[in-house]
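The task is to assemble the complex, starting from two chains supplied on their own in separate frames and drawing on the hints.
Here is how the chains run, residue by residue.
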Amino acid sequence: DTAVSQTPKYLVTQMGNDKSIKCEQNLGHDTMYWYKQDSKKFLKIMFSYNNKELIINETVPNRFSPKSPDKAHLNLHINSLELGDSAVYFCASSQVTQRRSPLHFGNGTRLTVT
Amino acid sequence: GQQVMQIPQYQHVQEGEDFTTYCNSSTTLSNIQWYKQRPGGHPVFLIQLVKSGEVKKQKRLTFQFGEAKKNSSLHITATQTTDVGTYFCAAHGSGNTGKLIFGQGTTLQVKP
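So the sequence lines, in the order shown, correspond to chains U and L. Per the working numbering, the first sequence starts with residue 1, numbered consecutively. Per the working numbering, the second sequence starts with residue 1001, numbered consecutively.
If you're looking for bench data, these hints aren't it; they were derived computationally from the structure. All figures in this text were calculated on a predicted structure; none of them were measured in a lab. Any given hint could be a false lead.
Claimed, not checked - The calculated DSSO-like cross-link candidates involving lysine-lysine, where the alpha carbons are at most 27 Å apart (straight line), are:
1) L/Lys1099 / U/Lys44
2) L/Lys1057 / U/Lys41
3) L/Lys1057 / U/Lys36
4) U/Lys67 / U/Lys36
5) L/Lys1056 / L/Lys1036
6) U/Lys40 / U/Lys52
7) L/Lys1099 / U/Lys9
8) U/Lys71 / U/Lys40
9) L/Lys1036 / U/Lys44
10) U/Lys41 / L/Lys1070
11) U/Lys36 / L/Lys1070
12) U/Lys52 / U/Lys36
13) L/Lys1036 / U/Lys41
14) U/Lys71 / U/Lys9
15) U/Lys22 / L/Lys1051
16) L/Lys1051 / U/Lys40
17) L/Lys1057 / U/Lys19
Extracted from the complex, chain L is given alone in its bound form (with noise of 0.2 Å):
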C-alpha cells in the first residue's frame, strides 16, 4: 500500500537554530499535508500543499512540495522553544475515502 516515508525520527537544535524535516514517497502524491503535535496534545493542521513546485510559508515555517510530487519538505527558521513537538506529513490514499496516511513523524526538541 501507499507509504510516506519521514525523517528524521528525532532532531535536537540549539533555539535559534534551523531545522528540516523531509517526507518522501514512491509514488505521485496528490497532495500533501502537515500537522504538528505538542506533548501531550493532538496532531493540528498546520498546512496543505497541492500543487508541483508548490512553496508556502507561515512565519517562520516554510513548505515546500516537490516538483514530482513525491517529496516534501518543512524548513523552520530560528527555532523556539513553543516549536517543540512532533511534524507530520500525511497524505491522501487512492480514492474518496479521505483516509490519510501519515509519516512516522519528526520530534523536534529544542535547547533554551
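Okay, chain U solo, but in the shape it has when bound (with noise of 0.2 Å):
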C-alpha cells in the first residue's frame, strides 16, 4: 500500500513547456507539502495546503501553481518551464493536529528542463 504517490517519476521536457506533477496520499493527514530538492540535496519547502487551504507559500516564482481539491491530493502545476526549474520535487504528507508529527514523502519526480 503506498502511503504517498506522486506521479510522474520522471519527466523530461523542453524550455518553456507548461506540466504538472500529481501526489495523492491515503494516510487520512490534513497536512499536504511541495518540496524541492537541488542537486546538493538541499530540501526546501515550496507550498503547504491544510484541509485544501494553503498555509505556507515560500518565495516561489508565480510560474508554480499548487492546486488541492480535496485534503488526499496535491498537484503542482508549472508554467514557462526554466532550466533552473530542473531538481526532484517531493510531495509529503503529515497530520498538524498531531504535534511535531513526523512527514511523509513521495517517491520524488524528477523533472528535467532541457
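Structure follows, in C-alpha cells:
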C-alpha cells in the first residue's frame, strides 16, 4: 500500500513548456506539502495545504501554482519551464493536528528541463 | 528566518568505522527530527527528539538533543554499506503550520 504517491516519476521536457505533477496520500493526513530538492540535495519547502487551504507559500516564482482539490490530493502546475527548474520535487504529508508530526514523503518526481 | 546548519556535507568512511553528523541552530528548537534518504530514494523519518538532553538509540544509531535544545547529533557505530545515504536533521518552524526546515544534509559513503 503506497502511502504518498506522486506521478510521474520522471519528467523530461523543453524550456517554455507547461507541466503538472500529481500527488495523492492515503494516510488520512490533513496537510500536504511540495518540497524541491536541488542537485546539492538541499530540501526546500515550496507550498503547504491544510484541508485544501494554502497555509505556506514560500518565495516561489508565480509560474508555480499548486492546487488541492481535496485533502488527499495536491498537484503542482509549472508554467513556462526554465532550466533552473530542473530538480527533484517531493510531495509529502503530515497530520498537523498531531503536534510535531513527521513528514511522509512520496518517491519524488525528477524534472529535467532541456 | 529560522535556519538549521548541518555538518559535514560529505563523509567517506571505511566499513566498520564510526560516523557522526551534527546539526546546529542559533535559536532554541522545540524538537528535532532525523531523516535518511537512500541514493535515488526519498527522505524517510527515523526519529524525533523533544526533550533537553534527550538520547535515543536505534540499534547502531544514537541520536542526541543538546541541553540547550540548539544542537543535535546522529552517531552511527561500526558503519555498514547499508548505512549509505544522506542524513537530514529538521526542525519545525514557529506556528502550527507543520513547516519543517531541513538542514543541508550529510551524505555518507561507506567503503567495503
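To see whether the hints hold, each was checked on the structure:
no. : hint                  : in the structure
1   : L/Lys1099 / U/Lys44   : holds (10 Å)
2   : L/Lys1057 / U/Lys41   : holds (26 Å)
3   : L/Lys1057 / U/Lys36   : violated (30 Å)
4   : U/Lys67 / U/Lys36     : holds (16 Å)
5   : L/Lys1056 / L/Lys1036 : holds (16 Å)
6   : U/Lys40 / U/Lys52     : violated (31 Å)
7   : L/Lys1099 / U/Lys9    : holds (24 Å)
8   : U/Lys71 / U/Lys40     : violated (31 Å)
9   : L/Lys1036 / U/Lys44   : holds (16 Å)
10  : U/Lys41 / L/Lys1070   : holds (23 Å)
11  : U/Lys36 / L/Lys1070   : holds (25 Å)
12  : U/Lys52 / U/Lys36     : holds (20 Å)
13  : L/Lys1036 / U/Lys41   : holds (12 Å)
14  : U/Lys71 / U/Lys9      : holds (22 Å)
15  : U/Lys22 / L/Lys1051   : violated (37 Å)
16  : L/Lys1051 / U/Lys40   : violated (31 Å)
17  : L/Lys1057 / U/Lys19   : violated (43 Å)
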